[in-house]
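**Q** Residues per chain, in single letters:
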Amino acid sequence: MNPKTKKLLIGILIAGLLVAAVAGVYAYAGQRAFISTLFSGLTLGSLFFMVAAGLTLIFGLMDVLNFAHGSMFMLGAYIGWQFYTNPTFIFGMAPFLLAFGAGVMVTPIIKPYLIALNISEKLQKALPKIAYVLALAALVFAFVGFDILSVANTAMVAATTTTVGNPLAELSAQEPLSTFWLRPFLMFVSGLLIAVASSRPGDKTQFAPREPIGKKLLMPAALLVLTALSTLVRESASESVLLMNGNLRFALSILLSVAFGFVFGAVIEITLIRPLYVRPTFILLMTLGLSYVIRELVQYLWDPLTYQMSRPPLFAQPGKASSIAEWLQKGSSTIDIYGATVPTYRLFIIALGIAMFILVIFVMTKTRLGMIIRAGVQDPQMVEAMGINVKAVFTVVFAMGVALAALGGIGAAPFLPVQPLMGDTYQTQGLITVVIGGMGSYIGAFVGAMILGMARAFGDYFALKLSLSPAIAEASTVIIMVIVLLTRPQGLFGKKE
Amino acid sequence: MAEKPVTQKAVKKPMKVKEVGFLVFIALMALLPFVLNLITGTGLNEGVTKFWQGQLIAFFIMAVFAMSYDLLIGFGGILSFGHAASFGGGAYAFGLLMKHWAPNFVKENPIMLGNTDLTMLVVLLVVLLVVLLVSVAVGLLFAVTSMRLKGTYFAMITLALSTALFIIIKSTDLHEWTGADEGLHGISLPVWLNPTQNRLTVYFITLAFLCVSYLLLRRFVNSPTGRVIVANRENEDRMRMIGYNPVTYRTIAFVVASIFAGLAGMFFSIWNMSATPTMISAVTTVNALIMTIMGGMGTLIGPIFGAAISQIIQQFFYTWFGARWPLIFGVLFILIVMFLPYGIVGTWRLQKGNLREGWKRLLRLFTTKSEAEAPESGQKPPSM
Amino acid sequence: MSEQIPGNDLLVVDRIETFIGQFHILENVSVCVPKGSITVMLGRNGAGKTTTLKSIIGLTPPREGKIIFDGMEIQGKQAFNIANLGIGYVPENRAIFRALSVQENLKLAERKKGDFERKSDFIFELFPDLKRLYKLPGNHLSGGQQQMLAVARALVPENKLLLIDEPSEGLAPILIQQMMEAIRKLSETTTILLVEQNFIMASQLAERYTIIDDGKTVQEGLMKDLIEDTDLIHHYLGASIKTRKELEMEHESEN
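Chains as they are written, first to last, in the working numbering: chain A, 1 to 497; chain B, 1 to 384; chain C, 1 to 255.
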């Protein structure tokens, strides 16, 4: 039999089995239970995909299995939740990070001049080290006496009192501007020093033509303006954010989470991952350590507690809508779909998952970046030899992966309990998803996520109905993965090496 | 995997240093309880002395577990996230038998030899045998899996397999047997093996376990089989071409590693008098991984060092840094991965020459007056 | 390098040494490529020709020695920076991107927006097949078509120098002819450094040659001198390589 007919036959067989299974379950469970289980399966599938999308993107190009992905998912949820519930922390930290960023962004401006310097080899080696140490010192000094915990904790007080009156009533006064401005300034200096160090002054093997600096000036200047702005409004801004429309605030927190994830991912890749590409196993260990640190940092800032993020008004009003139009109008918390009551926020998660899928497909097939990524998966050296900075592409891809994780995190935050371990289960399921779908395949990730979501949802349903052990539903995903790996080791959509 | 961890060199002289170090270690450890007893004045089985015995028991056991893990990752170049399955498997095999089978058996079938009651001894031997069998079975399971899958995929499926075991062990259906979430508690042990009543005995048994394991593993990695396993790590295809079947040797590595991990698990369940689902979860594997990395992959002393450090960190970091000590620990781990990729022992071995040079220079700095003597005193290797 | 005319060399590789891992691949390689010419690198398999090209483009940076391109030292710089100076690289084994279509392969090679549109007529004139296969994914192309795509890809941006590694490898004779024509046409506008095992093809195309053996440059000079020197050819390039004279003789005896 030729392989094509064989493939076709297997496809028909699987499709037939699938239809039979669906029909059987439908007949057994009845319409209402079937639909509500279907929707919880889709919701779970979407959540799995949100984690798996970034994982598979990063793995496909860089062969990096990011074990910190779950933590980044969680971090995205925390950042968004903070902005939504009480932005004091975000606005308190903004001047620091923005000033630091402005300093670092000076790199492309000064690099050509620093490289051209004629200095001795000894100085060439010593100068970056000195600059790094000084930068670290400036960074430490910027935070001396600054009570991060109180900034983070006012948010916690407010988180429990948002519903009553003025949420910020208990906010303690912050440091006066006359002394505070020194902190962002020090951060800026620290960033500048890092810019100097990372330019490796005097190293002639680098390439940085002296182009007009007009364009390069834009980024640091914008960041400096933002720094100044955020320094001035750091106290009043939180209140005005909280007075905003809830839905708008939620949209903004999603944007913020994504932006944060992107920047965070880029920083992590450049500082921690890049030096380890020559030792692939150690990248995995690095991400393990990183996930540990992120989790502990979050616990340090917000204590190892479980929070509940309230849903945005669009999904919060009690009552059941009979149609999508009614839901959008009233903002009901549940909706009637063919007799089944489905929480509206689930629809949002499903929509978000599908939107992410479309976005990823669009980027991969229609943009130049996607082209570079697909080419780089096969042969990064050749891509480099064509004049494309593959290192920078790696950074962007890692940053994108983390941004996707953060997007998943904030999307899931109103649905899941917000706690330091919230990403871990999803990371495991995400990894399984990626393996089932085929490492590096985003279509595979989507299909795999949906299969897993359905398996979990229907597994749970049957476990409950037939009073089986819930362990079966829990183990079902693992079982599927084992079956897939033993029959098709490269995954459903993976390509054979 | 792609990176070559430092391998042991079979040079004569360092071996001697190692022998001496090993003996000194045994002597120190054997004397420690008594020394502590003298210093503190409390009894051998109470207070500070007892506490430190406990700490060291945990260290001995985890050191063996870490060594067995290093056999896979460091020597064999096999990244497995399921090694805890062997550890937990040994622990649960021991716990289940001692709790549900042994008490009845002891009551019903006393075995006497003259006047001495040998029942307990026979029971323990049978249990030991079962633990070994379980470990071998787990090792074979992973070996079979590794025949089809490589690298990251293999790592993933080991993670999945251990997750599956974890789910089974803590499923409520088996509550009667395994105690589900809470774990298996109240394992009945004979008085002489009970760590609360007779800690010193357990201390010496586990110390012996560590020493014997170290010697056996060292013998193993230096044997022809062990060398083939290391060579497989470097280039499997080449080994296949010159006639060694990598699958056979990988299987051997898995089984040997699994046996030592299973025994470590058994001792751990003796020490805790319980077996918990955590022992089978990925967290335990990651712990072994961390110990191995800190100490140095591809060495046997490395994991022992790593286990000691991790024990110390767990003990002191809480008092130094408060409840969020893992934050410091995590940062430390990242720094090690970044700057000491060969771990402490591996870096030490790589830098030994440099260190000796530096030591000489340092000595010369302080002994500028009698420069003639300086090189001589510099010959002395730094104490380890 | 007695024949070197200063100021006229686009690329000068001066005594480079390259390591791959712990292996000392290039021990002493010097090549100079005069502007506007085709220079061919000859040598046995494993002599270090491919590594020389990779060292020039920066994929395996040399540890010692200098590489001067267009008056600028480029050794030690990153590969993408070197490529962006105007060096196109056509690797051996038709390393096109199989997951990308022909169009995407060509688009990817752009350094400035619109590069491809500017050059498309020229490219399709050289390789008319590619126009027909425009939308097909790379892994559907035949070996010869892949090789053409690999060369075409290097033509998309404005390159001053092309490094072409074994363009005739594994091609059918008729395709070799087509490839030769294409390279000859290219040489009218671009300088080319060619690595070629097919001595007939090399001798017809190139004006200069460099022989590399065991990671060292052993001989360089004008092609027309080499063709006459049967001993030299046999010594360094192996007995299996036949000069045109020998081939002609064989041809006659067969008839």
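If you are wondering where the hints come from, they were derived from the structure by calculation, not from laboratory data.
Any given hint could be a false lead.
Claimed, not checked - Under the rule of at most 27 Å between Cα atoms (straight-line distance), these lysine-lysine pairs were calculated in the BS3-like manner:
#, chain 1, residue 1, chain 2, residue 2
1, C, Lys77, A, Lys215
2, C, Lys112, A, Lys366
3, C, Lys112, C, Lys135
4, A, Lys366, C, Lys107
5, A, Lys391, C, Lys107
6, A, Lys122, C, Lys66
7, B, Lys360, A, Lys122
8, B, Lys360, A, Lys125
9, C, Lys77, A, Lys204
10, A, Lys7, C, Lys135
11, C, Lys66, A, Lys216
12, A, Lys216, C, Lys113
Said to hold, decoys possible - Away from chain C, derived, C-beta distances all over 10 Å, residues of chain A:
#, residue
13, Ser40
14, Phe143
15, Phe146
16, Leu149
17, Phe185
18, Thr231
19, Phe262
20, Pro313
21, Val363
22, Ile372
23, Arg374
24, Val377
25, Met382
26, Asn389
27, Val390
28, Gln419
We put the CB at the ideal spot given by N, CA and C, even for glycine.
**Q** Against each hint, give a clear statement of whether it holds in the structure.
**A** Status of the hints after comparison with the structure:
Simply put, C/Lys77 and A/Lys215 have alpha-carbon atoms about 24 Å apart, close enough for the 27 Å limit, and the pair holds. Restraint check: the Cα-Cα separation between C/Lys112 and A/Lys366 comes to about 18 Å, which is no more than 27 Å; the hinted pair holds. Restraint check for C/Lys112 and C/Lys135: satisfied, since their Cα atoms lie roughly 22 Å apart, inside the 27 Å limit. Annotation: proposed proximity of A/Lys366 to C/Lys107 holds, straight-line Cα distance about 12 Å (limit 27 Å).
A threshold of 27 Å between alpha carbons decides the hint, and for A/Lys391 with C/Lys107 the separation of about 20 Å falls inside it, so the pair holds. Taking the CA atoms of A/Lys122 and C/Lys66, the gap is near 22 Å; set against the 27 Å cutoff, the hint holds. Distance check on the hinted pair: B/Lys360 and A/Lys122 sit about 24 Å apart at the alpha-carbon level, within 27 Å; holds. Simply put, B/Lys360 and A/Lys125 have alpha-carbon atoms about 25 Å apart, close enough for the 27 Å limit, and the pair holds.
Distance check on the hinted pair: C/Lys77 and A/Lys204 sit about 9 Å apart at the alpha-carbon level, within 27 Å; holds. Taking the CA atoms of A/Lys7 and C/Lys135, the gap is near 25 Å; set against the 27 Å cutoff, the hint holds. Simply put, C/Lys66 and A/Lys216 have alpha-carbon atoms about 32 Å apart, too far for the 27 Å limit, and the pair is violated. With a CA separation close to 20 Å, the supplied pair A/Lys216 and C/Lys113 stays within the 27 Å bound.
With a least beta-carbon separation of about 36 Å from chain C, A/Ser40 lies farther than 10 Å from that chain, consistent with its non-interface assignment. Taking the minimum C-beta to C-beta distance to chain C, about 36 Å, the non-interface status of A/Phe143 holds against the 10 Å cut. Distance check for A/Phe146 against chain C: the nearest CB is about 40 Å away, which clears 10 Å, and the non-interface claim stands. The beta carbon of A/Leu149 is kept farther than 10 Å from every beta carbon of chain C, the shortest such distance being approximately 44 Å.
At roughly 34 Å from the closest C-beta of chain C, the C-beta of A/Phe185 stays outside 10 Å, upholding its exclusion from the interface. Against chain C, the non-interface label of A/Thr231 holds: every CB pair exceeds 10 Å, the least being about 38 Å. For A/Phe262, the condition that its CB be more than 10 Å from all CB atoms of chain C holds, with the nearest at approximately 23 Å. The claim that A/Pro313 lies off the interface holds: its Cβ sits roughly 44 Å from the closest Cβ of chain C, which is beyond the 10 Å cut-off.
Distance check for A/Val363 against chain C: the nearest CB is about 14 Å away, which clears 10 Å, and the non-interface claim stands. The Cβ of A/Ile372 sits about 7 Å from the closest Cβ of chain C, inside the 10 Å cut-off, so the non-interface label is violated. A/Arg374, annotated as away from the interface, has a beta carbon of chain C within 10 Å; the closest lies near 5 Å. For A/Val377, the shortest C-beta to C-beta distance to chain C comes to about 7 Å, within the 10 Å cut-off, and the non-interface label is violated.
Consistency note on A/Met382: stated as away from chain C, yet its beta-carbon is not over 10 Å from all of that chain's, at 5 Å minimum. Chain C draws A/Asn389 into its interface by the beta-carbon criterion, the shortest separation being 5 Å against a cut-off of 10 Å. Not every beta carbon of chain C lies more than 10 Å from that of A/Val390, the smallest distance being close to 7 Å; the non-interface claim is violated. Under the 10 Å C-beta cut-off, the non-interface status given to A/Gln419 relative to chain C holds; the minimum distance is some 40 Å.
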